[in-house]
Every structure is written in structure tokens, then in C-alpha cells.
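Each chain is listed here by its residues.
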Amino acid sequence: MTTSVGTDRLLGPGGLLNTRYHKPALLAFMVVVLGHWAEHLVQAYQIYVLGWPRPQAGGVLGLVFPWLVTSEWLHYGYAIVMLVGLVILRHGFVGRARTWWNASMWIQVWHHFEHLLLLVQALTGAYLMGAKVPTSIAQLVFPRVELHLFYNAIVFVPMVVAMVLHLRPNPEERALMNCSCARPLPAPAGA
Amino acid sequence: MPAVLLAQGGGHDHVLSVGVSIGPLVLRIALLAAVPVVVGFALLRGFLTEPDRRGLAAVVSCACVAVVVELLLSGGLTLSQRLVPLLLLLLAVPLYLALSHDPRFAPAVTRARRLAPWVFWPAAVLAAEQLARAWFTGAGPVITPLHTGVVLALVALAWFAVSRTRRTTTTVGVRLGAVVLAIVLIPSAAQAMVLQGAA
Numbered sequence: 001m002t003t004s005v006g007t008d009r010l011l012g013p014g015g016l017l018n019t020r021y022h023k024p025a026l027l028a029f030m031v032v033v034l035g036h037w038a039e040h041l042v043q044a045y046q047i048y049v050l051g052w053p054r055p056q057a058g059g060v061l062g063l064v065f066p067w068l069v070t071s072e073w074l075h076y077g078y079a080i081v082m083l084v085g086l087v088i089l090r091h092g093f094v095g096r097a098r099t100w101w102n103a104s105m106w107i108q109v110w111h112h113f114e115h116l117l118l119l120v121q122a123l124t125g126a127y128l129m130g131a132k133v134p135t136s137i138a139q140l141v142f143p144r145v146e147l148h149l150f151y152n153a154i155v156f157v158p159m160v161v162a163m164v165l166h167l168r169p170n171p172e173e174r175a176l177m178n179c180s181c182a183r184p185l186p187a188p189a190g191a
Numbered sequence: 001m002p003a004v005l006l007a008q009g010g011g012h013d014h015v016l017s018v019g020v021s022i023g024p025l026v027l028r029i030a031l032l033a034a035v036p037v038v039v040g041f042a043l044l045r046g047f048l049t050e051p052d053r054r055g056l057a058a059v060v061s062c063a064c065v066a067v068v069v070e071l072l073l074s075g076g077l078t079l080s081q082r083l084v085p086l087l088l089l090l091l092a093v094p095l096y097l098a099l100s101h102d103p104r105f106a107p108a109v110t111r112a113r114r115l116a117p118w119v120f121w122p123a124a125v126l127a128a129e130q131l132a133r134a135w136f137t138g139a140g141p142v143i144t145p146l147h148t149g150v151v152l153a154l155v156a157l158a159w160f161a162v163s164r165t166r167r168t169t170t171t172v173g174v175r176l177g178a179v180v181l182a183i184v185l186i187p188s189a190a191q192a193m194v195l196q197g198a199a
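Going line by line, the protein sequences match chains A and B. The letter at position 115 of the first sequence is residue 115 when you use this note's numbering, and the numbering goes up by one with no holes. The letter at position 86 of the second sequence is residue 86 when you use this note's numbering, and the numbering goes up by one with no holes.
Pulled out of the complex, with its shape left as it was, chain A reads as follows:
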């Protein structure tokens, strides 16, 4: 494993964000992702434990900036941040971790498309298949599920698997890695 790649490019294979700064970039990305989950858990607590009406249950952000959490721009912005993070940080992953990370990325591509479709409908007033309100593709098939949480979960799970495998690579994967994310090997006995 080596962390010196002799490049000053930020992005792409061998770029700084996928080599020397892959670890801090992944940590920053995880802070954003976990912050989003925390907001939803707070929201669930407000609804199911405190018994708040749904429009008032806007998480922590919603208490301070109620207008922000009702804005589709916020949700679309988060979908974009997720997509960008998954795309630009993927080159740092190798082997099994890369497979799981790619799976998460492609699911997020679809999730982002769904948000874009909702945004376009809200902007243009033309609703999918003549619906009365902005509707996502998945809602045409599964009309009564908490799609947003479902989507976030199916993006999050392969992402976490990818990160765990990235932290614990097998010897072949470790040899291919150009970042400092992997756990250090235990010192050989007697060393």
C-alpha cells in the first residue's frame, strides 16, 4: 500500500481525493450522511414518540428553519451531494469494496433521478401519467410505502459494506490501494 502517488490532481483515479485525502474525504462524507439519518431519526421520534403532527415534525433543522425542510430544493440538494460524493470518491475503492460502492452509486443515480423528476413536476405543473400531485416512478408501483427512507436505506447499506471492506481489505486488495484508509497490519509476532 502506498499513499504517495506523485500527482496534484484532485479528482479521478490517482487524484488526491482518492489517495492522500481519501480517508478525510470519506469521513466528511459520512458526517453528512449520518447527519441526514440523524435528522430522520429525530423526525421519527417527534412523530411516533412525542406524537407531533407530521407537518410540525421537521427534525432539528425544522425547529430552527421550518421553511427549509419543506423545500424540495433541500432534498434535491442532498440527493446531488450524495451522488457527487459517491461518484468522485469511488476511485479510491478497490476489489469487493468497489463493487459495493458502485452498487450504492447506481442506486443513488436512480434516487437522484426520482428527485429530479419530482422537482421538474413541481416546477412545471405537469405531473407524471396525469397524477394530481408530483409523483415518483416508484410510487406508480408501490403507492403506500415510505419511499424516501427506503431509498436512503438501500443506498446506505451497500455504502457501509463498502466502507467496512475498504477498512479491512484482503492482501490482494491492500496491494491495490493507494489511500491510507485500511487498518494497519498487526505487527508480526516477535517483532
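It is worth saying that the hints were derived from the structure and are not from the lab. Quick caveat: nothing in here was measured; it's all calculated off a predicted structure. We put the CB at the ideal spot given by N, CA and C, even for glycine. Warning: the hint list may mix true and false statements.
Here are some chain A residues pointing at chain B (derived, C-beta under 8 angstroms) [to be verified]:
| hint | residue |
| --- | --- |
| 1 | Gly77 |
| 2 | Ile80 |
| 3 | Leu123 |
| 4 | Met129 |
Since the structure of chain A is already known, use the hints to place chain B on it.
Using the frame of chain A, we list chain B on its own:
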């Protein structure tokens, strides 16, 4: 601030506000730009050399954009709405076939491109049936089968774009079929847009 309610029981379950409303004109312009690209490719394919990956992806992307815009403008199709994801999957596959350059999947991509006429012809026949129903039967509303015909024709032409058959006779047959479909698609899309505008 304009605000609309997201579909009941699904999604985020909150009021969805975007701050601006631009109307559906931009969607019609997008359709106006995307359909001629797909039609133009089908008409000129016989006179062009093998298109590169980006060119092919651009044509298939235009077909995808046009279908999504049609789904927004149509107000409904004669197909069940549960088939819409399948329709989008049928569009995603040719887009992948156009973009793929992973050597691991190259044999599967080559095979799928050889089999593309098997998707092109059924979609083209269904499109023709829907358009004929809209124009000639005089029974029921025109607009729904018209939009359905346009959507199916776009799916067929997306598969035509990525088809790469071995036999010359198959290639010529598919190209002629695509030319006919493309010629029919232009007035169909125009009529669908005008009728929707008047609705």
C-alpha cells in the same frame, strides 16, 4: 411561494415547495429538441459510418429524455402505470449498451446488441398499432393512444440505435423499419404536443 402536496402516503409526506413555477412549455421545447435527434439518426443511419460511443449515447439519451417528458405531458397512457418502470428499464438497457466499455461485459453487450431487433420489432409494431388506433378507428379519445404510440416508437428507435446485427438482410430490414417508424413519429409527436396544448 407556490407549494404542492406530494402524493399522499408516499415519499416524504410533507408539503413540497419549490419557490417558482415555470409551466410545461420547457418540457415541450425539450420534446421538440429530442425527438428530431432520434428521428434524424434513424433516417440517416444507412448513410453514416458506425457511430462512436458518445454519439450513440447522445441519441439514446435523447430518446430517454423524450419518453420521460412524454410521461409528464401525456396525462396517462393506454398501458398500465405499473408498466412504466419496465418501460424505463427498456430504455436504460440500450443506454447501458451504448455507454458500456467494460471488457468483462463486452461479450454480453455484443450479444445484446445483436438481439436488439427482437425488442425493436415488437415495440415498433405496438407503436404502429397505437398510432393506427388513434388516427383511423375513430373510437375513443385520440390523445392517449397517440402518446402511447409516441412513447413506444421512441423505445423502438432507442433499441434500433444500438442494434448491430450480423446478417445484411436483417440490418437492411431493421433500418427500413426504423425509417418508416421515424417518418411516422415526427407528425405523431407534433400532434400529441398540439393536442396536449389545446387540452
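Status of the hints after comparison with the structure:
About 12 angstroms separates the beta-carbon of glycine 77 (chain A) from the nearest beta-carbon of chain B, more than 8 angstroms, and the hint is not met. Restraint check, isoleucine 80 (chain A) versus chain B: the minimum CB separation of about 15 angstroms is more than 8 angstroms; hint violated. Residue-level restraint check for leucine 123 (chain A) holds (minimum Cβ-Cβ distance to chain B is 5 angstroms; threshold 8 angstroms). The beta carbon of methionine 129 (chain A) is positioned within 8 angstroms of a beta carbon in chain B (closest approach about 5 angstroms), and the interface hint is therefore held.
In summary, the numbered hints that this structure violates are 1 and 2.
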